[in-house]
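Could you build the full structure based on these sequences and the hints that come with them?
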Amino acid sequence: MWKKTFLLFFSLCFFFAFSQLEKIPAFQDTAFLIESKILNQPRSIWVHLPEGYSSSQTYPVLYLLDGDAHFKYVSQMADYLSDYDRNRIPKIIVVAIVNVNRGKDLNIRHNAVNGKEDPSSISVTDGAGRFLKFLDQEVIPQINLRFKTQPYRILMGHSLAGEFALYAKNTLPDLFQSTILISPAIHDENILIMADFNRILQQKNLKGKMFVTIGDEDLQKVNLITEQLKQFSSTTFDWDFKYYKEENHFSVTYKSIFDGLKFIYKNWFFDNYSTVLMTPKEIQLRFDALSKEFGYTILPTEDFVNNRAYKQLRAGNINIAVDLFQQNVKNHPDSWNAYDSLGEAYLKKGDKKSAIKNYKKSLQLNPDNADGKIILEKLLSEK
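Everything in the sequence shown is counted per the working numbering, starting at 12 for the first residue and increasing by one.
Note that these hints are calculated values from the structure, not bench results. Some hints here could point you the wrong way.
Calculated pairs, DSSO-like style, for lysine-lysine (alpha carbon to alpha carbon, straight line, at most 27 Å) [claimed, not checked]: (1) Lys-292 with Lys-253; (2) Lys-360 with Lys-389; (3) Lys-303 with Lys-256; (4) Lys-389 with Lys-364; (5) Lys-292 with Lys-322; (6) Lys-273 with Lys-253; (7) Lys-102 with Lys-266; (8) Lys-360 with Lys-341; (9) Lys-273 with Lys-159; (10) Lys-48 with Lys-34; (11) Lys-159 with Lys-115; (12) Lys-384 with Lys-322; (13) Lys-266 with Lys-292; (14) Lys-83 with Lys-368; (15) Lys-159 with Lys-218; (16) Lys-83 with Lys-363; (17) Lys-83 with Lys-144; (18) Lys-232 with Lys-218; (19) Lys-215 with Lys-241; (20) Lys-322 with Lys-102; (21) Lys-277 with Lys-253; (22) Lys-159 with Lys-102; (23) Lys-83 with Lys-34; (24) Lys-368 with Lys-341; (25) Lys-322 with Lys-360; (26) Lys-364 with Lys-322; (27) Lys-303 with Lys-159; (28) Lys-144 with Lys-253; (29) Lys-218 with Lys-241; (30) Lys-266 with Lys-256; (31) Lys-144 with Lys-159; (32) Lys-277 with Lys-322; (33) Lys-371 with Lys-360.
Ranges between beta-carbon positions, derived for each pair [stated by the list, open to error]: (34) Lys-34 with Asp-314: 23 to 33 Å; (35) Asp-334 with Pro-53: 48 to 58 Å; (36) His-260 with Asp-79: 26 to 36 Å.
Values in this document were obtained by computation on a predicted structure and should not be read as measured data. All C-beta atoms in this analysis are idealised placements derived from N, C-alpha and C, irrespective of residue type, glycine included.
The structure is reproduced here in structure tokens:
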């Protein structure tokens, strides 16, 4: 009897040991208030930090208008597309500007002349003009102060917010380097926006990217935008348009942002599981090109170089592998793993002195590197 009881007890323990509920991964989301002097009210800002966010790295920023409507799924989408397995975009910070009075903030207001609205003159002290000033002078500086950002900003706007995003491009063309316009609601009374857009597009060497989309709805207003892009955009201004016939005005946002991010970063993708061998020079050329495209220095990630280096190591190209691991140490001097990998490469090369030096550095940065500790102890015992 005791044997049966023991077996039952053991079976239950085994079952519960292997049936513990896995915790849902925590997201790096935070929120803060801006006591806006421009809007004369407190405004909530939501921020999603990418997985593995580090104070030693810097990140481009995606700003979401109507942020409370889009924050959750866009944050997950950004993490999904920037994951190592997909590598479609870099890791980015997502910032949501939460609505209080959408119509008041996003609608274009006109200046009054002799007590009447002048449709040829947009107000900068009310409506969209004031809200853009809030983004420029209060939101963006706060994000740059609180988080590790790169000078590359993307603005996403849907419907009325799409009209605002176009107005923002017209008014402060360098504030956001890329714009995603989703079913923008260009109203007849605000046709001045299109005249301003025409003027901006014809600026010499206008830089940036714009992705325009619409669902199964009236194409007229979007056609006004795309026709001007076709006719007047310079070679330095990259744009694309997609029509999602199977989506309506409200469901079109998901595909639009997914495709929009991939469009902006169409030259970013490199298959991390590719068997292609890359030299340090080839990697440098690739990231120099990306830096030129996006206007700031983009260094290869530690994982990217590590992957390429181990491929060279397995192919027997030890000197090339050492060069790549050295590049990682140079670009990521606080990474214990970078030194550990360089130590491994030196060990394969037969350079024990350099291997010991790098394993020691790795353990200084991470004393819990158990494998590195074992290897170092063995190397020291052989001296």
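Comparing the hints with the structure gives:
1. Lys-292 with Lys-253: Violated: Lys-292 and Lys-253 sit about 37 Å apart, past 27 Å.
2. Lys-360 with Lys-389: Given pair Lys-360, Lys-389 holds - Cα atoms ~17 Å apart, limit 27 Å.
3. Lys-303 with Lys-256: 36 Å, violated
4. Lys-389 with Lys-364: Satisfied, since the Cα-Cα distance of roughly 13 Å is no more than 27 Å.
5. Lys-292 with Lys-322: 16 Å, holds
6. Lys-273 with Lys-253: 13 Å, holds
7. Lys-102 with Lys-266: 19 Å, holds
8. Lys-360 with Lys-341: 20 Å, holds
9. Lys-273 with Lys-159: 23 Å, holds
10. Lys-48 with Lys-34: 42 Å, violated
11. Lys-159 with Lys-115: The hint is violated at about 31 Å.
12. Lys-384 with Lys-322: 24 Å, holds
13. Lys-266 with Lys-292: Not satisfied, since the Cα-Cα distance of roughly 37 Å exceeds 27 Å.
14. Lys-83 with Lys-368: Judged against 27 Å, a Cα distance of about 45 Å means the pair is violated.
15. Lys-159 with Lys-218: 24 Å, holds
16. Lys-83 with Lys-363: 50 Å, violated
17. Lys-83 with Lys-144: 26 Å, holds
18. Lys-232 with Lys-218: 23 Å, holds
19. Lys-215 with Lys-241: 16 Å, holds
20. Lys-322 with Lys-102: Holds. Lys-322 to Lys-102 sits at ~24 Å (cutoff 27 Å).
21. Lys-277 with Lys-253: Holds. Lys-277 to Lys-253 sits at ~15 Å (cutoff 27 Å).
22. Lys-159 with Lys-102: 12 Å, holds
23. Lys-83 with Lys-34: 19 Å, holds
24. Lys-368 with Lys-341: 15 Å, holds
25. Lys-322 with Lys-360: 15 Å, holds
26. Lys-364 with Lys-322: 24 Å, holds
27. Lys-303 with Lys-159: Holds, at roughly 20 Å.
28. Lys-144 with Lys-253: 30 Å, violated
29. Lys-218 with Lys-241: 15 Å, holds
30. Lys-266 with Lys-256: 12 Å, holds
31. Lys-144 with Lys-159: 22 Å, holds
32. Lys-277 with Lys-322: Judged against 27 Å, a Cα distance of about 25 Å means the pair holds.
33. Lys-371 with Lys-360: Holds, because 18 Å separates the two Cα atoms, which is no more than 27 Å.
34. Lys-34 with Asp-314: 23 to 33 Å: 24 Å, holds
35. Asp-334 with Pro-53: 48 to 58 Å: 53 Å, holds
36. His-260 with Asp-79: 26 to 36 Å: Between His-260 and Asp-79, where Cβ atoms are some 18 Å apart, the hint is violated.
Of the numbered hints given earlier, the model fails hints 1, 3, 10, 11, 13, 14, 16, 28, 36; all others are met.
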